[in-house]
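Q: Spelled out from the first residue to the last, the chains are:
Protein chains: 2
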Amino acid sequence: MKFRIKTLPLRTERIAVVLSQDDAAELGLLPGDRVKVSYDGKSFVAEVEVSQEFIGSGEAGVCSFTAEACSLTEECLVEIVPFARPKSVEYIRKKLDGAKYEREEIKDIISSISSDILSDIEISAFILANEIVGMLNDEIQWMIEAMVEVGKKIVFERGTVVDMHSVGGLPGNRFSLIAVPTVAAAGLLIPKTASRAITSASGTADTMEVLANVNLSVDEIKEITEEVGGVIAWNAATGIAPADEKIIRVEYQLELSPKPHLMASVLSKKLGCGAKFVAIDIPVGSKAKIENVDVGRSFANSMMEIGRNLGLKVATALTDGSQPLGRAIGPALEAKEVLEVMEKKHEGDLLEKALGIAGILFEMTGIAANGYQHARKIFESGKTLEKFREIVAAQGGDENIKAEDIAVGDKTYTLTSSVEGAVVSVNNKSIVKIARTAGAPKDKGAGVYVHKKRGEVVKAGDPLLTIYAEKEWKLDNAIEVANTKQAFEISGVIIERYTMGRWWS
Amino acid sequence: MKFRIKTLPLRTERIAVVLSQDDAAELGLLPGDRVKVSYDGKSFVAEVEVSQEFIGSGEAGVCSFTAEACSLTEECLVEIVPFARPKSVEYIRKKLDGAKYEREEIKDIISSISSDILSDIEISAFILANEIVGMLNDEIQWMIEAMVEVGKKIVFERGTVVDMHSVGGLPGNRFSLIAVPTVAAAGLLIPKTASRAITSASGTADTMEVLANVNLSVDEIKEITEEVGGVIAWNAATGIAPADEKIIRVEYQLELSPKPHLMASVLSKKLGCGAKFVAIDIPVGSKAKIENVDVGRSFANSMMEIGRNLGLKVATALTDGSQPLGRAIGPALEAKEVLEVMEKKHEGDLLEKALGIAGILFEMTGIAANGYQHARKIFESGKTLEKFREIVAAQGGDENIKAEDIAVGDKTYTLTSSVEGAVVSVNNKSIVKIARTAGAPKDKGAGVYVHKKRGEVVKAGDPLLTIYAEKEWKLDNAIEVANTKQAFEISGVIIERYTMGRWWS
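Protein chains in written order, with our numbering: chain A, 1189 to 1693; chain B, 1189 to 1693.
Bear in mind the hints are in silico, worked out from the structure with no lab data behind them.
Mixed in with the good hints, there may be bad ones.
It does not matter which identical chain is meant; a pair holds if it fits inside one copy or across any two.
To be verified - Quick list of in silico lysine-lysine cross-link-like pairs, DSSO-like style, CA-CA up to 30 angstroms:
{"no.": "1", "residue 1": "Lys1230", "residue 2": "Lys1673"}
{"no.": "2", "residue 1": "Lys1447", "residue 2": "Lys1341"}
{"no.": "3", "residue 1": "Lys1190", "residue 2": "Lys1621"}
{"no.": "4", "residue 1": "Lys1275", "residue 2": "Lys1630"}
{"no.": "5", "residue 1": "Lys1647", "residue 2": "Lys1194"}
{"no.": "6", "residue 1": "Lys1647", "residue 2": "Lys1230"}
{"no.": "7", "residue 1": "Lys1477", "residue 2": "Lys1288"}
{"no.": "8", "residue 1": "Lys1282", "residue 2": "Lys1447"}
{"no.": "9", "residue 1": "Lys1434", "residue 2": "Lys1194"}
{"no.": "10", "residue 1": "Lys1282", "residue 2": "Lys1434"}
{"no.": "11", "residue 1": "Lys1434", "residue 2": "Lys1224"}
{"no.": "12", "residue 1": "Lys1630", "residue 2": "Lys1190"}
{"no.": "13", "residue 1": "Lys1341", "residue 2": "Lys1659"}
{"no.": "14", "residue 1": "Lys1617", "residue 2": "Lys1194"}
{"no.": "15", "residue 1": "Lys1630", "residue 2": "Lys1565"}
{"no.": "16", "residue 1": "Lys1340", "residue 2": "Lys1447"}
{"no.": "17", "residue 1": "Lys1275", "residue 2": "Lys1617"}
{"no.": "18", "residue 1": "Lys1410", "residue 2": "Lys1475"}
Turn these sequences into a full structure, and let the hints guide you.
A: Written out as structure tokens, the structure reads:
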């Protein structure tokens, strides 16, 4: 049947056409079915929505996303015919029944996800099947190959290309802003791509964005990396492994990230960037993505095996994921802290981790027998800060950037301890919740500064954390969260005291 | 934050608000998150969508469904605040991890589904968790209680209220159009509700609609049942157990119907209609919803146990689901065939099944020791046809309806056998595909008439099936399907013949 295009004043990130109820029934279509839309010698597959109003008989409504993606304008006359359910849905059903994907099957699924042929409901079935039934290493490998294949790729003609990545889930985990320039200062190429916060208070890309532009194309990444040795860019902007973003969007709603998907997400990005040597940070902790050391080890082994089969040299580091890294949480606060470290204003776990991860890459590539020592030497020489400023400048930022230049939220509130003792734990989830309520990552200056970490001694009245916000109402909400979600556990505290009574003497 | 309502020229069957990207970020919201919308002392929960265009800062877009459901008009000023993820999502996650639902948990899930608080992605997680992990009988019972509780109910003050239902999946399975009037003619009350086709060529409600109005409210169902003894209405129009339709809509996209959901769907509708005695038809066959007799028996046992705990007397009948019931598939063709049977023009499996199911209800209620015999007596006396016409008239149809009055599609094509032999099988799926392509269920007159069923002998040139359509182009498409999807398997056929060669003599 022929339909006249009607553009709708809406934008949903899916390829869909809206038909009148009558026309849909005429074609035997129900909402969620697929149709092939042909126009001007081209065709595409779209999901059907049915509207009881606004769309007349003979009309096909499309949102601006679909109109642009498929070059349709108002009044175009298109041919619409029912399109069989994609094969990939059948493969997902097989996995639900406990089967193993064939190489071609997982390839087909990933390509359907990338080209918006699978609906959210089908993507959620894919995620749940992989979470519950699981995936073997070769299935994950094929998934990664498929993810890389449908996206953009960077190919470096010369140089040793390395990369680093964290599995994530740890607040303040901004070591790569120090490790990347350290690695680049040693002459390696490191085209580092990173994510923005989804459920966290800041992603590496959000923190870097305080200092420079992170929305770089693959061509820009290649050019800057070849020029200054490194880059820190937002991965979703690159077009590398585009299925990843679509899967993550649905995972967010399900509050699930199956381990096979975590591996595929990290390795596909690294492979697409042209890296040959990769160091992976796996934070382990009861509330992290990897719950304990045993799971961490098996996860690390899988990553290394899959990497090997993909031609990637992978090293992994299980790291402490039980409390925030460094003391700052929130884009500007983290950027400031990272610069303070590079300016040698203070040391600590953030610097140790950065040098440790950089060191792993030095050992993998044969640059040094003791990688950590080599990294520290570069850092001490001031080359890390120098290289970082070069990278910032190459990405359009201020080449003379200093920690003191970074503005943070001017609405602040400091929470103090009402008791005396030592910090037993700092709750990652509470800290993130407070920082997000204060406005992070949207308000760059918002976040939390943690004054006391595990093992540190507090007296009554000592500051525990300071909340930074850009808006008064967000600060108020964050204070409320801080007062209800206990972020610190402090030992040596008398909770209740009973005086010995005569009745038991 | 305060937002001005902007109504959008669209209708989606979900409670949602569209915010600008900037406002969503300001509130820390991502697509799929929930917000509480307050207005004029009332409030509701909505899902967030984010639009990069059309929705300005300070505006909240709503489709007409949301506007009506929540009494919003253009320019209303509403307060929008983030709303925590509903508890029910957590319960679904627990099931994914293998847990058993508590009574309150499944109640919360069903009530969230009924009130559109769960997104399609979350409903799909619910379906997949129940399919893969499974549900125990008491969990299914609680699910049914919750489904009935949130919907409309019929309470009969007097009379013995019975009902019948098929688990479905069998083309031509229209026995209840004969069984309901037979049961009603014996003085029982039978407020039968039935579904429309989703993936089949006709549902009982589609077939009945050829003769009468099936969009009846619970009040109309009660009134007609008390007046003439029975009714055949469309279940979704009643408002009984409304969560069922929402779950089925997502199941359709997943091509899944978990057995616990099948049971809950059937029993919740029957319970909501006020039935005390229920006969359940369970078609068994390799391509039916119930794959084999063993699965059928365990399914039947669960249905009976769950029914008992709900205060329902349930009898089940495993029936042949391997080939269509009767010979007609499609709304008008089936209505015609049912009337022909009642007019005693021919007998066969359709009549046998109708009398068998009616007989089960006669035995359950103590009306007769040999229920089948009693049902046949009523049928032979002409009371079945008489009562059917009363029901049709009470539902606004023609009280003198005759088989010959029913119009079927005038575009026809008959497929003949090219070989000689006996029919080994008739493929349900192929028959349904041909009938749907011919226009069923939308085009009431479209469908398929099966001339030869299993065991019947065919000669070359004998008609196998006739396709009926209302439109020439649909007939052409259906012929193409009939020529590619083999609907009949015929034995005694020489596929290839080899002449004995000298080389092996």
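Q: Which numbered conditions among the earlier hints are violated in the structure presented, ordered from lowest to highest?
A: 5, 6, 13, 14, 15 and 18
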